[in-house]
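Enquirer: Residue numbers (the UniProt record's numbering), protein chains in the order written: chain V, 1 to 243; chain Z, 1 to 243.
Hints were generated in silico from the structure; no laboratory data involved. Each hint should be verified, as a subset may be incorrect.
Which copy is meant is left open, because identical chains are indistinguishable; a pair holds if it fits in one copy or across any two.
Heads up, simulated DSS-like pairs for lysine-lysine below, C-alpha to C-alpha not over 27 Å straight-line [unchecked claim]:
id, residue 1, residue 2
1, 99, 219
2, 143, 87
3, 87, 99
4, 91, 219
Protein chains: 2
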Amino acid sequence: MALRYIGQKAAQQIDEELMSAAGAFSIDQLMELAGLSCAQALAKSFPVKTHARVLVCCGPGNQGGDGLVAARHLHHFSYNPTIYYPKPGGKDLYQRLLKQARNLGIPVVDTEGFPASLEGADVVMDAIFGFSFHPPVRAPFDKVLTALAESSKPILSVDIPSGWGVEEGRQRLTNTQGEEVATIDPEVLISLTAPKEGSRNYTGKHWLGGRFVPDDLAKRYELNLPEYPGVDQVVELPPSGKL
Amino acid sequence: MALRYIGQKAAQQIDEELMSAAGAFSIDQLMELAGLSCAQALAKSFPVKTHARVLVCCGPGNQGGDGLVAARHLHHFSYNPTIYYPKPGGKDLYQRLLKQARNLGIPVVDTEGFPASLEGADVVMDAIFGFSFHPPVRAPFDKVLTALAESSKPILSVDIPSGWGVEEGRQRLTNTQGEEVATIDPEVLISLTAPKEGSRNYTGKHWLGGRFVPDDLAKRYELNLPEYPGVDQVVELPPSGKL
Numbered sequence: 001m002a003l004r005y006i007g008q009k010a011a012q013q014i015d016e017e018l019m020s021a022a023g024a025f026s027i028d029q030l031m032e033l034a035g036l037s038c039a040q041a042l043a044k045s046f047p048v049k050t051h052a053r054v055l056v057c058c059g060p061g062n063q064g065g066d067g068l069v070a071a072r073h074l075h076h077f078s079y080n081p082t083i084y085y086p087k088p089g090g091k092d093l094y095q096r097l098l099k100q101a102r103n104l105g106i107p108v109v110d111t112e113g114f115p116a117s118l119e120g121a122d123v124v125m126d127a128i129f130g131f132s133f134h135p136p137v138r139a140p141f142d143k144v145l146t147a148l149a150e151s152s153k154p155i156l157s158v159d160i161p162s163g164w165g166v167e168e169g170r171q172r173l174t175n176t177q178g179e180e181v182a183t184i185d186p187e188v189l190i191s192l193t194a195p196k197e198g199s200r201n202y203t204g205k206h207w208l209g210g211r212f213v214p215d216d217l218a219k220r221y222e223l224n225l226p227e228y229p230g231v232d233q234v235v236e237l238p239p240s241g242k243l
Numbered sequence: 001m002a003l004r005y006i007g008q009k010a011a012q013q014i015d016e017e018l019m020s021a022a023g024a025f026s027i028d029q030l031m032e033l034a035g036l037s038c039a040q041a042l043a044k045s046f047p048v049k050t051h052a053r054v055l056v057c058c059g060p061g062n063q064g065g066d067g068l069v070a071a072r073h074l075h076h077f078s079y080n081p082t083i084y085y086p087k088p089g090g091k092d093l094y095q096r097l098l099k100q101a102r103n104l105g106i107p108v109v110d111t112e113g114f115p116a117s118l119e120g121a122d123v124v125m126d127a128i129f130g131f132s133f134h135p136p137v138r139a140p141f142d143k144v145l146t147a148l149a150e151s152s153k154p155i156l157s158v159d160i161p162s163g164w165g166v167e168e169g170r171q172r173l174t175n176t177q178g179e180e181v182a183t184i185d186p187e188v189l190i191s192l193t194a195p196k197e198g199s200r201n202y203t204g205k206h207w208l209g210g211r212f213v214p215d216d217l218a219k220r221y222e223l224n225l226p227e228y229p230g231v232d233q234v235v236e237l238p239p240s241g242k243l
């Protein structure tokens, strides 16, 4: 049975079901597990000995929250993360996650500090846009995506490479002024709960995270999820997505 | 530097600090990570091929919550957990964790169902009493501890073997009627955040979980924590506790 690639609507519905009264998960729980899986995927792709300096780029929404959690776990995995978080989300949860990271001494930089942080990084975690993204790309992320695309630093993207369509996949992008924004091509991708339509033709290293999806939910959405190994929170997918 | 064994007061203070405004953790986050580490310790001690049937005994407090989380992760690790939860805590969190487990089809039994569940188990997770326990042992856990002690099933205890003094260690116990309660001797122990005074002379397999303790907190409490391997949430301690 082939793994299912889901669209934006199914991705939203799965999240809503998990956090509904019936699903009973809190966002704190799910974000903790999602962020932990992102950190594990990075650690399994880029060894700490060669890639200790990780620039974690966090967007304003839930995916930015996953990035904040991942940065904290990367610190505990002996990496030296730096967080770029130019548009902190208003939710109390994001503020707490940011504080947890600051309590570990993880540097948090703004757009002014971004270029030097990118220059000093061994690898970038892209937790900017998730499955709710719609173009055009809003500032400051237009310049950030172009800088990432033009950089030689390897990128691990969370859920869908930022700027790619969650269903359309790799696409040409513009900012709100109609200026071109470069498209990133991450070396590594970690899909959360199930891979998205837009990653169907992605050919890099591909992880799946979200070892919390209830069996009956996976069955109803016909996700055909692979088995995770051992006690890991991630499983590597074959490039084709065929299992 | 030797690992520090902490007393009840330090254990309580560490928990309070983590969840204070300064520490910024929610109980949902910490319980998720603690329960995941318990599930990992069990999986690393009792392989699923020989010990798939796990009876997770949950007490009325936070340690019972850790057990509920662990049962859910054990299910995702391909174990067949059963939850014994005779005195569900009143907190909304416990109700949600129980619902998450029920949503996976994990059986939940009461005291009437306990003997058959113990009989059918390959291994027991003891998440009954944590570092706030004070004797005597209240019903129905007096009979439960005696049944566990008299059973030949291997036990993994969470934080401190239930009934042991968090500082005093292995001790003779009575129930509220002054009747003797048997003392359990778990094959495996997982200490959370730091080992407790009462486990100093524990000689079984000993794991440490809680890969979220901030460095400065560990330093202030002189915990001298060991390094965790790879992306695991647990690290095995030498029997003596010396590192």
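Enquirer: Now tell me if each hint is right for this structure.
Expert: These are the hints, each one checked on the structure:
no., hint, result
1, 99 - 219, "between (38 Å within a copy, 19 Å between copies)"
2, 143 - 87, "within (14 Å within a copy, 56 Å between copies)"
3, 87 - 99, "within (15 Å within a copy, 35 Å between copies)"
4, 91 - 219, "neither (32 Å within a copy, 31 Å between copies)"
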